[in-house]
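Chains as they are written, first to last, in the numbering used here: chain A, 1 to 304; chain L, 1 to 372.
By construction, these hints were calculated from the structure, which means they are not laboratory data.
Beta carbons are placed, not taken as given, at the ideal position from N, Cα and C, and that holds for glycine.
There's no promise every hint is true.
[To be verified] Computed, partial: chain L to chain A, Cβ under 10 Å:
# : residue
1 : Val-67
2 : Gln-83
3 : Lys-152
[What the hints assert, rightly or not] Subject to a maximum C-alpha distance of 25 Å in a straight line, what follows is the list of computed SDA-like cross-link-like pairs (lysine to any residue):
# : chain 1 : residue 1 : chain 2 : residue 2
4 : A       : Lys-291   : L       : Gln-266
5 : A       : Lys-291   : A       : Ile-223
6 : A       : Lys-291   : L       : Met-91
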Amino acid sequence: MSQTMLDDSAAFDADAEAARHLALQERRGRISMILRYAVLTAVGVLMLYPLIWLIGASFKNNAEIFASPGFIPKDPTLSGYVKGWETSTPYTFGRFFWNTFLIIAPKVIFTVISCAAVAYGFARFQFPGKRILFASLIATLLLPNVVTRIPQYLLFSEMGWLDSYLPLWVPSAFAGDAFFVFMLVQFLRSIPPDMEEAARVDGAKSWQVLIFIVAPMLTPALISVALFQFMWTMNDFLGPLIYLSSVEKFPVSLALKLSIDTSEAFDWNRILAMSVLALAPSLVVFFMAQKYFIEGISAGGVKG
Amino acid sequence: MAQLSIRNLEKIYGGGFKAVHGVDLEVADGEFMVLVGPSGCAKSTTLRMIAGLETISGGHISIGGKVVNNLAPGDRGIAMVFQNYALYPHMKVRKNLSFGLRLAGEKKAEIERRVAEVAEVLEIGPLLDRLPKQLSGGQAQRVALGRALIKKPEVFLFDEPLSNLDAKLRASMRVRITELHRRLKAQGRSSTVVYVTHDQVEAMTMGDRICVMKEGRIMQVADPATLYERPENLFVAGFIGMPEMNLVEAELERGPEGHALRFGDQVLRLGPEQNARIAADAPKAVTLGLRPQHFRLAEPNDPEALAAQVGKVDFLGHEVDAHVTIGGAKFTVVLPVELFREAAQGGTIRLRADENRVHIFDRASGANVSLA
Ligand SMILES: Nc1ncnc2c1ncn2[C@@H]1O[C@H](COP(=O)(O)OP(=O)(O)OP(=O)(O)O)[C@@H](O)[C@H]1O
Ligand SMILES: [Mg+2]
Numbered sequence: 001m002s003q004t005m006l007d008d009s010a011a012f013d014a015d016a017e018a019a020r021h022l023a024l025q026e027r028r029g030r031i032s033m034i035l036r037y038a039v040l041t042a043v044g045v046l047m048l049y050p051l052i053w054l055i056g057a058s059f060k061n062n063a064e065i066f067a068s069p070g071f072i073p074k075d076p077t078l079s080g081y082v083k084g085w086e087t088s089t090p091y092t093f094g095r096f097f098w099n100t101f102l103i104i105a106p107k108v109i110f111t112v113i114s115c116a117a118v119a120y121g122f123a124r125f126q127f128p129g130k131r132i133l134f135a136s137l138i139a140t141l142l143l144p145n146v147v148t149r150i151p152q153y154l155l156f157s158e159m160g161w162l163d164s165y166l167p168l169w170v171p172s173a174f175a176g177d178a179f180f181v182f183m184l185v186q187f188l189r190s191i192p193p194d195m196e197e198a199a200r201v202d203g204a205k206s207w208q209v210l211i212f213i214v215a216p217m218l219t220p221a222l223i224s225v226a227l228f229q230f231m232w233t234m235n236d237f238l239g240p241l242i243y244l245s246s247v248e249k250f251p252v253s254l255a256l257k258l259s260i261d262t263s264e265a266f267d268w269n270r271i272l273a274m275s276v277l278a279l280a281p282s283l284v285v286f287f288m289a290q291k292y293f294i295e296g297i298s299a300g301g302v303k304g
Numbered sequence: 001m002a003q004l005s006i007r008n009l010e011k012i013y014g015g016g017f018k019a020v021h022g023v024d025l026e027v028a029d030g031e032f033m034v035l036v037g038p039s040g041c042a043k044s045t046t047l048r049m050i051a052g053l054e055t056i057s058g059g060h061i062s063i064g065g066k067v068v069n070n071l072a073p074g075d076r077g078i079a080m081v082f083q084n085y086a087l088y089p090h091m092k093v094r095k096n097l098s099f100g101l102r103l104a105g106e107k108k109a110e111i112e113r114r115v116a117e118v119a120e121v122l123e124i125g126p127l128l129d130r131l132p133k134q135l136s137g138g139q140a141q142r143v144a145l146g147r148a149l150i151k152k153p154e155v156f157l158f159d160e161p162l163s164n165l166d167a168k169l170r171a172s173m174r175v176r177i178t179e180l181h182r183r184l185k186a187q188g189r190s191s192t193v194v195y196v197t198h199d200q201v202e203a204m205t206m207g208d209r210i211c212v213m214k215e216g217r218i219m220q221v222a223d224p225a226t227l228y229e230r231p232e233n234l235f236v237a238g239f240i241g242m243p244e245m246n247l248v249e250a251e252l253e254r255g256p257e258g259h260a261l262r263f264g265d266q267v268l269r270l271g272p273e274q275n276a277r278i279a280a281d282a283p284k285a286v287t288l289g290l291r292p293q294h295f296r297l298a299e300p301n302d303p304e305a306l307a308a309q310v311g312k313v314d315f316l317g318h319e320v321d322a323h324v325t326i327g328g329a330k331f332t333v334v335l336p337v338e339l340f341r342e343a344a345q346g347g348t349i350r351l352r353a354d355e356n357r358v359h360i361f362d363r364a365s366g367a368n369v370s371l372a
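Isolated chain A, as found in the complex (with noise of 0.2 Å):
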């Protein structure tokens, strides 16, 4: 009996003993928590500065934009905005976003296209040369895109394609960036060939194989294709430049620039509101994609 009552005392002893370390261990995991998100909200809103004090200050007047560094407007206004949008040219920014979306959407289809299928004969065929002509590819992603400006500028210049579209779209279409062809083969590699296997006894021919098993397969990676060509072709201010000349094709990155080369005084906060909308489009296409960015389809496909 009282054998019994020690043991209980003492599990109770025990039992108190735990709780205690169990709330210290809880209040020194918290602080240390706390502690880690405080040091890392500081330095993602030191990085972030810029883009808010952008946002900020693209709805100030334009005296005030260099009076204070703060971000946040005195008097906000959307002049800049409105000024903004109508330019100093005979077209209004709608006009170049939707010239940016016709650079854009055929170029992100055919580097979709044109990649996966250049990835799944690397990744999945044999034939002879296979090792030089990926070797040869890898190396074009070595090679600074400069190298490359001057032949290729002086190719659609002879064809006749300057001043179109023709030189931003037609790379793309041929798997011109070797660094999404690469990316698609690693990711290739690795899913097991099984699949693709399955269907050919299903019946499938190669291409049937593509389009029904592989690209489905794909598709985080595709996506993140689609993803990174767009906000390039957004961002691309070079390519434009060189083979467009008339300002009615301009994508957004030229005719931001334009802006400041034609207005006398720069109207700044005109400039910061349209850079502001000309960011609008990756950060939604971003937070649109990000799911699938993310979510990895090939999952339980195969139980190992």
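Given chain A's structure and the hints, the job is docking chain L with the ligands onto it.
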């Protein structure tokens, strides 16, 4: 009619590695043929060449009398079940099943009818609208089986379809596949099967015939009983049977009353049946093979009894696997638990081998010389 015939099949991989060395195999219409062998013996390679997933370096394969060497997998009249199921991850079960039919341009009503039929046979009706990642291993394997079945192929190919399942599920799937095969055969449908496994229980229980392979060569093709009772060589003898057959180096001696095997300080006299089977040109240097199950406890004053020191004993419930030493050679013997307990008091037991089931192999060539 869908007999499968393989003639002098060879496979040389890209790096120059020869994986298959002239394999000849005939699988009759409706036969369940199991390819079995240790890892790396080219079972999968052979199967994949039949399927058309691997190029053929030499020889030819014909299905239903038609050489298929240069046909695409989809045109060979085969269906395949993969080890890791290989279901299309982005398609619901229903679409997985019907993919092949849809590619072939089958009519919608017919597709639905066949999906329903297969779903019923395999009890996957409730799973039709799930994605592969929402299935358990056993369910996924049934769907994979369904995907093969729905095509009504001439030849079914299986590559270790059960090796990702746990032991219980494996046993029930074994039965299911065997029954399915029997049912197809009874319905008069094509049901030729080539089934790859490295599991000899699967091989013995499922196969009408078994093809034992080693390093890209066929060691023996026979029905399970023949394979067990009359292994043609050392490899097959050691590979088939659990626990493994005891293989001990011995001298074959010819005496006036027949043959005897001498190993260590022991002599094993062969029974009359076995004596008759020994080839006339059998060499002196042999390996004797005796299955662990072919020992029994000797009568108390049996002059032929073998004295065995008992080493480690594996208790299996109804019987024991006892590791013993007889005349300096190690043997495994399987004995009933009670008898063994009684007999093994002193650390030694007296055993009697079944003299008519001793196998004798030529030590140099490995061939069984006691099959005549
Ligand atoms: N693509 C390949 N290139 C070169 N050699 C290969 C290739 N695939 C298989 N091999 C070799 O061919 C031999 C047979 O391989 P295979 O996959 O057919 O064996 P297996 O009998 O199916 O073995 P397991 O039971 O492990 O599946 C092995 O030695 C293997 O290393
Ligand atoms: Mg294999």
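Evaluated hints:
no.: 1; hint: Val-67; verdict: 19 Å, violated
no.: 2; hint: Gln-83; verdict: 8 Å, holds
no.: 3; hint: Lys-152; verdict: 13 Å, violated
no.: 4; hint: A:Lys-291 - L:Gln-266; verdict: 75 Å, violated
no.: 5; hint: A:Lys-291 - A:Ile-223; verdict: 10 Å, holds
no.: 6; hint: A:Lys-291 - L:Met-91; verdict: 20 Å, holds
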